[in-house]
Amino acid sequence: MGLFILRRLGVMIVTALCLTFIVFFLTNLYPNLEKLAKSQGNVRMSDEAVESFLDKRGYLDPMPVKFGRWLGVVPGWVTEAPDGTVTGRCFAKDTPPEQRPAFCGVLQGNWGQSTVFKDDVGSIVLERLGKTGKLMGFVLLVMVPASLIVGVLAGMREGSALDRSLSTFSIATTATPEYVSGVIFIAVFSSSAFGLKWFKGSARSAMEDITFENFTLPVLTIALYGMGYIARMTRASMTEVMTTQYIRTARLKGVSFGNIVLKHALRNALIAPFTVIMLQIPWLLNGVVIVETLFNYRGFGWVLVQAAGGNDIELLLAVSVVSVIVVLLTQLISDIGYVILNPRIRIS
Amino acid sequence: MEPLTWTGTLSGLNVAFFAVVVALALSVVARMFFAVFGPAAARPGVNSDGTLTGPVGVSGVLSKAVRYSFFALATLVLIYVLGGVILGTRAGIVGGLARNMLPVWIALIVLFAVSITFKRKLGLYGKLFDSTIGMIGFALVMFWVFTGIMGGAFDMLITHDPLSQFPGMKNKLPGTPLSGAGEQDYQWFLLGGDNLARDVFSRLIKGAWIVVKIAPMATLFAFMVGITLGLPAGYYSGRLDTFLSFLANLILAFPVILLFYLLVTPEIVATGIPNFMAAVLFAFPIIFCAVLLNARYFTQPALRTPLLIVVLGGLVWTYLALISNNGSIVANDSYRIPGLPAAVDWIDMGSGLLTVFVAVVFVNAPTVFRIVRGLALDIKTRDYVAAAQTRGEGPWYIMLWEILPNARGPLIVDFCLRIGYTTILLGTLGFFGLGLESESPDWGTTINSGRQLLSIYPHAAMAPAFALMTLVLGLNLLADGLREESLRD
Numbered sequence: 001m002g003l004f005i006l007r008r009l010g011v012m013i014v015t016a017l018c019l020t021f022i023v024f025f026l027t028n029l030y031p032n033l034e035k036l037a038k039s040q041g042n043v044r045m046s047d048e049a050v051e052s053f054l055d056k057r058g059y060l061d062p063m064p065v066k067f068g069r070w071l072g073v074v075p076g077w078v079t080e081a082p083d084g085t086v087t088g089r090c091f092a093k094d095t096p097p098e099q100r101p102a103f104c105g106v107l108q109g110n111w112g113q114s115t116v117f118k119d120d121v122g123s124i125v126l127e128r129l130g131k132t133g134k135l136m137g138f139v140l141l142v143m144v145p146a147s148l149i150v151g152v153l154a155g156m157r158e159g160s161a162l163d164r165s166l167s168t169f170s171i172a173t174t175a176t177p178e179y180v181s182g183v184i185f186i187a188v189f190s191s192s193a194f195g196l197k198w199f200k201g202s203a204r205s206a207m208e209d210i211t212f213e214n215f216t217l218p219v220l221t222i223a224l225y226g227m228g229y230i231a232r233m234t235r236a237s238m239t240e241v242m243t244t245q246y247i248r249t250a251r252l253k254g255v256s257f258g259n260i261v262l263k264h265a266l267r268n269a270l271i272a273p274f275t276v277i278m279l280q281i282p283w284l285l286n287g288v289v290i291v292e293t294l295f296n297y298r299g300f301g302w303v304l305v306q307a308a309g310g311n312d313i314e315l316l317l318a319v320s321v322v323s324v325i326v327v328l329l330t331q332l333i334s335d336i337g338y339v340i341l342n343p344r345i346r347i348s
Numbered sequence: 349m350e351p352l353t354w355t356g357t358l359s360g361l362n363v364a365f366f367a368v369v370v371a372l373a374l375s376v377v378a379r380m381f382f383a384v385f386g387p388a389a390a391r392p393g394v395n396s397d398g399t400l401t402g403p404v405g406v407s408g409v410l411s412k413a414v415r416y417s418f419f420a421l422a423t424l425v426l427i428y429v430l431g432g433v434i435l436g437t438r439a440g441i442v443g444g445l446a447r448n449m450l451p452v453w454i455a456l457i458v459l460f461a462v463s464i465t466f467k468r469k470l471g472l473y474g475k476l477f478d479s480t481i482g483m484i485g486f487a488l489v490m491f492w493v494f495t496g497i498m499g500g501a502f503d504m505l506i507t508h509d510p511l512s513q514f515p516g517m518k519n520k521l522p523g524t525p526l527s528g529a530g531e532q533d534y535q536w537f538l539l540g541g542d543n544l545a546r547d548v549f550s551r552l553i554k555g556a557w558i559v560v561k562i563a564p565m566a567t568l569f570a571f572m573v574g575i576t577l578g579l580p581a582g583y584y585s586g587r588l589d590t591f592l593s594f595l596a597n598l599i600l601a602f603p604v605i606l607l608f609y610l611l612v613t614p615e616i617v618a619t620g621i622p623n624f625m626a627a628v629l630f631a632f633p634i635i636f637c638a639v640l641l642n643a644r645y646f647t648q649p650a651l652r653t654p655l656l657i658v659v660l661g662g663l664v665w666t667y668l669a670l671i672s673n674n675g676s677i678v679a680n681d682s683y684r685i686p687g688l689p690a691a692v693d694w695i696d697m698g699s700g701l702l703t704v705f706v707a708v709v710f711v712n713a714p715t716v717f718r719i720v721r722g723l724a725l726d727i728k729t730r731d732y733v734a735a736a737q738t739r740g741e742g743p744w745y746i747m748l749w750e751i752l753p754n755a756r757g758p759l760i761v762d763f764c765l766r767i768g769y770t771t772i773l774l775g776t777l778g779f780f781g782l783g784l785e786s787e788s789p790d791w792g793t794t795i796n797s798g799r800q801l802l803s804i805y806p807h808a809a810m811a812p813a814f815a816l817m818t819l820v821l822g823l824n825l826l827a828d829g830l831r832e833e834s835l836r837d
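Residue numbers (the numbering used here), protein chains in the order written: chain A, 1 to 348; chain B, 349 to 837.
Treat the hints as calculated values from the structure; they're not laboratory data.
Just so we're clear, the structure is a prediction, and the values are computed from it rather than from any experiment.
Check before you lean on any hint, since a few could be wrong.
[To be verified] No farther apart than 25 Å at their CA atoms in a straight line, the calculated lysine to aspartate or glutamate pairs in the DMTMM-like style are these:
1) A:LYS35 x B:GLU615
2) A:LYS263 x A:GLU240
3) A:LYS66 x A:ASP47
4) B:LYS412 x A:ASP55
5) A:LYS38 x B:GLU833
6) A:LYS35 x B:GLU787
7) A:LYS56 x B:GLU785
8) A:LYS118 x B:ASP478
9) A:LYS35 x A:ASP55
10) B:LYS412 x A:GLU158
11) B:LYS561 x B:GLU787
12) A:LYS38 x B:GLU615
13) B:LYS469 x B:GLU833
14) A:LYS35 x B:GLU785
15) A:LYS66 x A:GLU80
16) A:LYS131 x A:GLU98
17) A:LYS35 x A:ASP61
18) A:LYS66 x B:GLU833
19) B:LYS412 x B:ASP478
[Unchecked claim] Over 10 Å on every C-beta distance to chain B, these chain A residues come out as not near it, computed from the model:
20) LEU3
21) ILE5
22) THR27
23) VAL43
24) VAL50
25) GLY58
26) LYS93
27) VAL125
Note that beta-carbon positions come from the ideal geometry of N, C-alpha and C, so glycine has one too.
Could you put together the complete structure from these sequences and hints?
Structural data, given as structure tokens:
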């Protein structure tokens, strides 16, 4: 087991490195850098000015060198202007020369500066992740119990009317992406056209103070799209368990149907949905990006859109590192959890 | 002219309609409640002569109530549509819509009549008509397919030009008469005007064409890539499998939206990377067909050689036409790779559309790869594969002519689901304003531009939202029906 986890961690690090390099490569292509220079400096910069702007900041060095700098295994760039002022990646202008470190990258704990927000990337990502964490927490709180209940109810009597109604419901939710359900929810529950105005169509005030009124719609929008899939998987697992021998035995013994479902079937039926729920979490990230844009909730997803729109290289790299870690960590947890929950599987 | 109401002269039916909707909702909820908390499942009643009647007791009554209210609802909808076809806009907005969609109704009726008549001779497709869910799904999908083809390719259903702006029609509600309409103009904006005073209804129909054009083709390409790489990965296992699976997981670990932002921005398009990706990804169907035919017919060179020349010739031409644009494959300031000259370039695909296409194929292919690989791993242990190996068949023959046909059931079902997912992805791209032009009538872009005024004028965003939902729902129901029917035998 220990070796298995170690190997998975190794694969995780390699994957994260490859992915960040791809992001790094794509964001550092010349047209992107040109756009960055023009948005940072002056929109009407000449080609030469763009070139010198980029050259001074080390953007025109070879790709592996730049990536090494970001990682912190290659010394940061240092440029000496003709008038003697020295600028560098790793220090501010007023840092005394003897305190200037040579390396500053992710390995040294320095995630760089955001060009869009003019702030430290590490603190931006942490702050926004906290906001998104709240949103995700509420989503999971709504989504997981609801989908498990729907799945178990549908799966306990396969082919019954209840099963068909609930299955149609879960198919309908998987067919409604966040930007569709979000738009419909806002139109119906918060627009003057329908006149219901039960909730708020913007979750901006929820960043400081979460209320039922401003947080229901975003949470519901994400939860609904993810629900259908988990419910269907739970249903499949439940129907499989309900056809097993030990359930038949319990029935023949005269155990009541409620007791069969709750005491005999449920524990075994919930092993597979655990994996599905863990693997669904990275998918929620997509929903988070859409919903945060739609409801103007400035969390991690909103930062992703802003960073990608402004080609904010270091912020985008941090964002992709975080999302890759989320993806791979949930995969790892789901594998380990599956082994722990299911005694029939043991990794030798 | 008066603005249209929703149902016009048929509005007397509205009370009945809402009553039936409430009855259906109540009976469904009651039946579900009873199924959970009531006694065990409904049993058929037994008559004194030994024959059976329908379920008795409360649950029997409830299921009857559900069935009859559903039939009543279907009948009322049919009356609305038929009345609309006959009365036109005198039956309100619904009537106007029904009359405009007349060619689609006719096409649907013909398709269903022919299919149901010959359903026993049509294999899996015919069996679809045994399942209600599958039929509903198929009807929804074909509705949008016909709408897309007739409205988009032949300009039949639309009432106004989807791109031109009409003075005085900005943000007008559904059913508003067109101000300053000429004699031959259509007199109303059936679904209202958007924030740039364009007709929402016509844009909706043009948007259907964009989806119908891209989604199935992109899914097909993703399947070609996934199958061509997934079969050897599953069949050979070992190093190849480890390497390809690592690549697939790498792409899957990306958040889709980040990938879209990285691939579909004008700056990246300027570097030509999407064109190179297109050149690689679109080559897979050629490889697939070449290997498929060669593996089967290489023992008969007299048949194989001409067949391959004809098939590959056509495919390579299509391939070059697809990836070249204005006579070049990649053209930017620093270099240019010449492609097919414009005279023989019969596919006119703008670079924006090509980029969207590539991005969607790229995102879908790894998932298909994993499915195919899993199926191949399972099927290669079967006896008929061992028999083929004993006969001395080559590995590609076994993969493509023994394993692949036996994996077709799950693959067909996933194909339907994946078209739906691709539709959602296209909408996502539009929603973030990536790839397609900002005046493009596709549904995602329309939702995005409509959401600014959502709390005051929701109709401009609601129409494409409902359209997208019904299409994807139809595809999911279709997949469900197909799965059910393919499992039956």
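Now the hints, each set against the structure:
1. A:LYS35 x B:GLU615: Measuring from Cα to Cα gives roughly 8 Å; hence the hint holds.
2. A:LYS263 x A:GLU240: Roughly 16 Å separates the two Cα atoms, so the pair holds.
3. A:LYS66 x A:ASP47: Holds, at about 22 Å.
4. B:LYS412 x A:ASP55: 77 Å, violated
5. A:LYS38 x B:GLU833: Not satisfied, since the Cα-Cα distance of roughly 59 Å exceeds 25 Å.
6. A:LYS35 x B:GLU787: Holds, because 24 Å separates the two Cα atoms, which is no more than 25 Å.
7. A:LYS56 x B:GLU785: This hinted pair is violated, its Cα atoms lying about 36 Å apart.
8. A:LYS118 x B:ASP478: At roughly 62 Å apart (the allowed maximum being 25 Å), B:ASP478 and A:LYS118 break the hint.
9. A:LYS35 x A:ASP55: Within the cut-off at roughly 14 Å; holds.
10. B:LYS412 x A:GLU158: Roughly 20 Å separates the two Cα atoms, so the pair holds.
11. B:LYS561 x B:GLU787: Given pair B:LYS561, B:GLU787 holds - Cα atoms ~18 Å apart, limit 25 Å.
12. A:LYS38 x B:GLU615: This hinted pair holds, its Cα atoms lying about 13 Å apart.
13. B:LYS469 x B:GLU833: 15 Å, holds
14. A:LYS35 x B:GLU785: 20 Å, holds
15. A:LYS66 x A:GLU80: At roughly 18 Å apart (the allowed maximum being 25 Å), A:GLU80 and A:LYS66 satisfy the hint.
16. A:LYS131 x A:GLU98: Given pair A:LYS131, A:GLU98 is violated - Cα atoms ~39 Å apart, limit 25 Å.
17. A:LYS35 x A:ASP61: 17 Å, holds
18. A:LYS66 x B:GLU833: Not satisfied, since the Cα-Cα distance of roughly 56 Å exceeds 25 Å.
19. B:LYS412 x B:ASP478: 21 Å, holds
20. LEU3: 17 Å, holds
21. ILE5: 17 Å, holds
22. THR27: 7 Å, violated
23. VAL43: Since the minimum Cβ distance to chain B is about 15 Å, A:VAL43 lies beyond 10 Å and the statement holds.
24. VAL50: Its Cβ never comes within 10 Å of chain B, the nearest being 13 Å, so this holds.
25. GLY58: 20 Å, holds
26. LYS93: Given a closest Cβ separation of 30 Å, the condition holds.
27. VAL125: Since the minimum Cβ distance to chain B is about 14 Å, A:VAL125 lies beyond 10 Å and the statement holds.
Comparing the model with each numbered hint stated earlier shows that hints 4, 5, 7, 8, 16, 18, 22 do not hold.
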